[in-house]
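**Q** Listed below, chain by chain, are the residues.
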Amino acid sequence: MTQDKSAAAIYGIARPDSKLLTLYILRSILTGPFFPIVIIPHLIRYYTLRYRFDAEGMGVSVGLIFRKESYITYTRMQDIHLSRGLLERWFGLGTIEVQTAAGSSEAEIKVEGLALYNELRDYLYTRMRGVHTPAAAAKPSDGSASVLAEIRDELRALRAELEKRRGV
Amino acid sequence: MAYSALRGAAIRLLRLPAGPPDPPPGGKVVRTFNASRRYLHYCLLAVWIGSGIVFAIAGVMAVLAITQGGGWSVAAAVFAFLGVVAASFGYVATRLEFEMRFYILTDRSLRIREGVFFLRESTLTFANVQNLRIKRGPLQQVFGISDVLVDTAGGAGGTKDVEGQAMKQGHRGTIMGIENPAEIRDLVMDLLRKYRDAGLGDPDDHRHPAAPSEDEGERLREILAEVKALRKVMLTN
Numbered sequence: 070m071t072q073d074k075s076a077a078a079i080y081g082i083a084r085p086d087s088k089l090l091t092l093y094i095l096r097s098i099l100t101g102p103f104f105p106i107v108i109i110p111h112l113i114r115y116y117t118l119r120y121r122f123d124a125e126g127m128g129v130s131v132g133l134i135f136r137k138e139s140y141i142t143y144t145r146m147q148d149i150h151l152s153r154g155l156l157e158r159w160f161g162l163g164t165i166e167v168q169t170a171a172g173s174s175e176a177e178i179k180v181e182g183l184a185l186y187n188e189l190r191d192y193l194y195t196r197m198r199g200v201h202t203p204a205a206a207a208k209p210s211d212g213s214a215s216v217l218a219e220i221r222d223e224l225r226a227l228r229a230e231l232e233k234r235r236g237v
Numbered sequence: 002m003a004y005s006a007l008r009g010a011a012i013r014l015l016r017l018p019a020g021p022p023d024p025p026p027g028g029k030v031v032r033t034f035n036a037s038r039r040y041l042h043y044c045l046l047a048v049w050i051g052s053g054i055v056f057a058i059a060g061v062m063a064v065l066a067i068t069q070g071g072g073w074s075v076a077a078a079v080f081a082f083l084g085v086v087a088a089s090f091g092y093v094a095t096r097l098e099f100e101m102r103f104y105i106l107t108d109r110s111l112r113i114r115e116g117v118f119f120l121r122e123s124t125l126t127f128a129n130v131q132n133l134r135i136k137r138g139p140l141q142q143v144f145g146i147s148d149v150l151v152d153t154a155g156g157a158g159g160t161k162d163v164e165g166q167a168m169k170q171g172h173r174g175t176i177m178g179i180e181n182p183a184e185i186r187d188l189v190m191d192l193l194r195k196y197r198d199a200g201l202g203d204p205d206d207h208r209h210p211a212a213p214s215e216d217e218g219e220r221l222r223e224i225l226a227e228v229k230a231l232r233k234v235m236l237t238n
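Quick mapping for you: the protein sequence lines, in order, are chains L and P.
So the first sequence is numbered by my numbering: it starts at 70 and just counts up by one.
So the second sequence is numbered by my numbering: it starts at 2 and just counts up by one.
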């Protein structure tokens, strides 16, 4: 139940927290004279960032002129990194980076501006490879034996009917 | 002590979390540990050398001020001040870095927290671990500490030297500055082996196909007999 609830909260994450915009602006201001140059890509990034979490994997898309979309499945995650810079900590945000076994050392997926960073990390962790032992060899469903019995009974009835008609 | 006051102020100002990070959910915590105290001294060495150089420059300038006079005395004072700032700031930052470094081993995963200004927590499951290494430089040897590198698949990006940037990269957890690297390595190895044997828990891992139950086999044989009898009935006539 709690698992479902947390999953629902995670699936609901579609956009970064609005505090990320403030953080971007502050970060751009800190670059001083470069502010007008730095702020533009940041604004584009903030307004185009989209997250998607579903039962199988997660995706991030970003960009206006140069679009980038990535999607990875949870089982292919190699490691999860939660990083929180000083400004992020002041704003109560966190960034989660996820890596797959692909060659680059850069994170394949970066989820920025998260208020629910702890919840997301815990959720991702539970979906990671090697966290669960396999559900002890899926038992044959109890239904199949009774279905077989029904087929048998049906065939018996069919034969009985045939024998009666043909007067065997 | 001055340090504890500075530490308290730094923790409040930097919004540092108190205590170790939460262990990953589920799973049993096998061990929580920190870097060795010697690691602190090892890191502080750089601070002492750095501020020592600044003090030496200040000293040279003081000598010049005595011999030649003039503006040298101001420069000497400035450098001496810089040296004090570098030493105290470096000391607090390094010691905080040491105190904020945590390693958590659970039966399935490793979590490493590091950083003061930029906080980073890495989590990796043993199912993904490819290789374990112990690294020890000459200076680390003097201090009697080592790093244990836990690599996951993917490599750390080709041409880059992993030496200094190891912890900033993915695909690796670096347990830095411990005195008992072999013990930790063996502990991780043990956990690794245990969960390799038990199955990795992949959703696509179907190594134990479900055997048909006794009951099902019996029903199937009965159906076969019934179908045969049915055919016989249809063929007579």
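If you are wondering where the hints come from, they were derived from the structure by calculation, not from laboratory data.
Check each hint, because a few of them may be wrong.
[As the list claims (entries may be wrong)] With a cut-off of at most 35 Å between alpha-carbon atoms, the simulated DSBU-like pairs for lysine-lysine come out as follows:
| hint | chain 1 | residue 1 | chain 2 | residue 2 |
| --- | --- | --- | --- | --- |
| 1 | L | LYS74 | P | LYS29 |
| 2 | L | LYS74 | L | LYS88 |
| 3 | L | LYS137 | L | LYS74 |
| 4 | P | LYS136 | P | LYS195 |
| 5 | L | LYS233 | P | LYS229 |
| 6 | P | LYS229 | P | LYS29 |
| 7 | L | LYS179 | P | LYS195 |
| 8 | L | LYS179 | P | LYS233 |
| 9 | P | LYS136 | P | LYS29 |
| 10 | L | LYS179 | P | LYS229 |
| 11 | L | LYS233 | P | LYS29 |
| 12 | P | LYS195 | L | LYS74 |
[To be verified] Label-pair restraints from in silico Cβ distances:
| hint | chain 1 | residue 1 | chain 2 | residue 2 | range |
| --- | --- | --- | --- | --- | --- |
| 13 | L | ARG225 | P | PRO26 | 26 to 32 Å |
| 14 | P | LEU231 | L | SER130 | 46 to 52 Å |
| 15 | L | GLU232 | P | ARG222 | 20 to 26 Å |
From the three backbone atoms N, C-alpha and C, an ideal C-beta is built for every residue, glycine too.
**Q** Sort out which numbered hints this structure fails and list those numbers smallest first.
**A** Violated: hints 6, 8, 10, 11, 13, 14.
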